[in-house]
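Enquirer: Residue numbers (this note's numbering): 1 to 282.
These are calculated hints, taken from the structure and not from any lab test. For glycine and all other residues, C-beta sits at the position ideal for the given N, C-alpha and C. Zero decoy hints are in this set.
Just the calculated beta-carbon pair ranges, DEER-fashion: (1) 72 / 17: 20 to 26 Å; (2) 88 / 17: 48 to 54 Å; (3) 208 / 98: 21 to 27 Å.
Each computed DMTMM-like pair below joins lysine to aspartate or glutamate, with the alpha-carbon atoms no more than 20 Å apart: (4) 155 / 189; (5) 255 / 192; (6) 107 / 239; (7) 144 / 253; (8) 159 / 48; (9) 155 / 192; (10) 115 / 151; (11) 107 / 87; (12) 155 / 48; (13) 144 / 192; (14) 159 / 192; (15) 108 / 239; (16) 115 / 152; (17) 108 / 87; (18) 159 / 189.
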Amino acid sequence: MSTWRGAEPPPSPPIPLAGWLRVVWRGTALGVVTFGCLGLLLLVRLVERPLFGWHRPVTPFITQFVCRMAFVILGMRHSVRGRQMRERGAVVANHASWLDIFALNAKKRIYFVSKSEVAGWPGIGWLARATGTVFINRDRREAKAHSTLFEDRLKANHKLLFFPEGTSTDGLRVLPFKTTLFAAFFTPELRDILHIQPVSVIYTAPPGQHPAFYGWWADMGFGAHLLAVLAARPQGRVELVYHAPLRVADYPDRKALARACEEAVRSAMPGGSGQGGASAAG
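All chains, please: the whole structure from these sequences, using the hints.
Expert: Structural data, given as structure tokens:
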């Protein structure tokens, strides 16, 4: 999987003593909530899985609670515009940060589609597996296997969430959407029953900080970025813009659907263009 390197990461802001105190109490609170609820989720899943299989009538609410509490603990504003999709289908969004996971899960019951390497990441991989993340290799040769997996999950009324840019950015732009994963929606079993909802994830940096403060990309260390976010005061905000769902059957192929999703996501970014070239990539 490629990594975007189109902008120089901003220098990490110095953390004063008061900032370190916020790191300690926010980090502790976030850890207690996250891993405490993860333990509860795993216990519930022991009963939920044999009874309901792919269906998860209880555990997604635990995940949503954790994600909502994360923004309360951080003191970061989280807001939403638009109607969340009720139709069967998937969600696509731009990708800027590890915070996207919390932001997108806080308001909607979704299941992320992630690169397979994430499953092996310490801590994060464990959380991802527990919350039902779908792990894949971004390889066209595995398109058929992906389609079967997606079909099972989508028919169980799971809202799968994709990041079609294929990498995270500084949050100030939208990269061309890769089209490979969109092919899975055009199988005969899915094309006529699915909708895709584009979502724009828009971060506003804390006052006085670099506009890309919440972006996490290239070789930026997770630990340093996490410390900066935990220490920040005042915090910035994140806004989700839910665009009108697109009916898959209304588009002739994956490239046309990917282009329409990209244009919708880009339209809500500051300036309306997302500072990137609008052209779907393979």
